[in-house]
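*Asks:* Protein chains in written order, with the numbering used here: chain P, 6 to 186; chain D, -4 to 169.
Derived from the structure by calculation, the hints contain no laboratory data.
The structure presented is a predicted model; accordingly, all values stated were derived computationally and were not measured.
Derived contacts from chain P toward chain D, CB cut-off under 7 Å, selection only:
#	residue
1	T36
2	K49
3	L50
4	L74
5	V75
6	P76
Built from N, CA and C at the ideal position, the CB exists for glycine as well.
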Amino acid sequence: MKKLYISLIALIFLPVSLFAGTFDLGITLGTNAHWGESFYDSSKLTLAWGVTVGISDDLELDLQANSALVPQFFGDTNIAVLLQKALLGQRSTGTRVAGLGVNTLLGAGLLFSDYFPGKFLLPTHILVSLTPLVVGNPISTKRERAFTVTLAYNFITTQVSVLFDLIKYDFYVVGTYRDYL
Amino acid sequence: MKRILLGVLLLLLIASPLVSKSFGYGLGMYGQRDVLDEEASSSGVELSFVYQPWLLPIGNPSVHLKGAVGSDMQLSPTFPYIELGISVDLFRIIDHPFNFYANNIVAYDPSFSLAYHFDRESTSHLMSVGFSPFKFSQKDFWYEFFAFYVALDVGTGKVDNWGINLVRYTYFFR
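I would like the entire structure built from these sequences, with the hints used as guidance.
*Replies:* Structural data, given as structure tokens:
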């Protein structure tokens, strides 16, 4: 039994070393639109908000809630969880040097929504996401992500839809140049 | 002679806004909720033109013309409104808590607006009252977030529709 516990603890902590080097945390605000599932999603204008967590110099985990503002003010919310990789180079250097100012993100993840015959949140979609333009980085405290296109496959209803984020702003509170002075 | 000189100076002063960067155009992402008919609610792109003759630190006025194009709840194309009105910046300050937003120094100048709101599907005269709580400006740009308005029926005083511009970027080109 003791061996099992030790093995489990080792399994939990060993992969952490894969993400060693940098860590940053930012608050995300932006826009979102969802096309292709109007039967379940009646939102017309959606606010994207959440956090972006840097787990290595080129990997990040994005937790993004998309809340409808129109027609119902905060009437419907879904949550996207995406693991993203920076394609053009380091997203953060982990030093006081700002590093790359322009990047591209490619990611995959899950969407938690009520877009199925039910009224509660479930993992419903597999997401594949491309953000062609990322300007800024955690070290410089701000980042803008533009024109994000995400393909969403609803594995409950077998429907395919598209998520589009015109622009998102990331405001970093941890892992900026201030933490490396 | 003195009068002529004074007259010329006065004319130059009046005409000076015409040669400064006073004209701008903007693009925004709007959503509109039709209170009486939810199916007519829509979202899309808002195009705006702005004339800002002065740059006063308090109560700076500007004139705007806005038009929206988008899709309604049935995803049919729609042109929900055209607006003509004035906006007044409450104040313009450089030292504000939102400087983390931009790399350059930006002024914070929240604004109120009042406009005639033309909705081709409504027979009523509508007046729009708006507030842009997160409006930032530089020499050539305005950046606005969460600007919202309420359009009231002038005859009945009831709310006809309301809307939000999640983002709006205005570029002053002349």
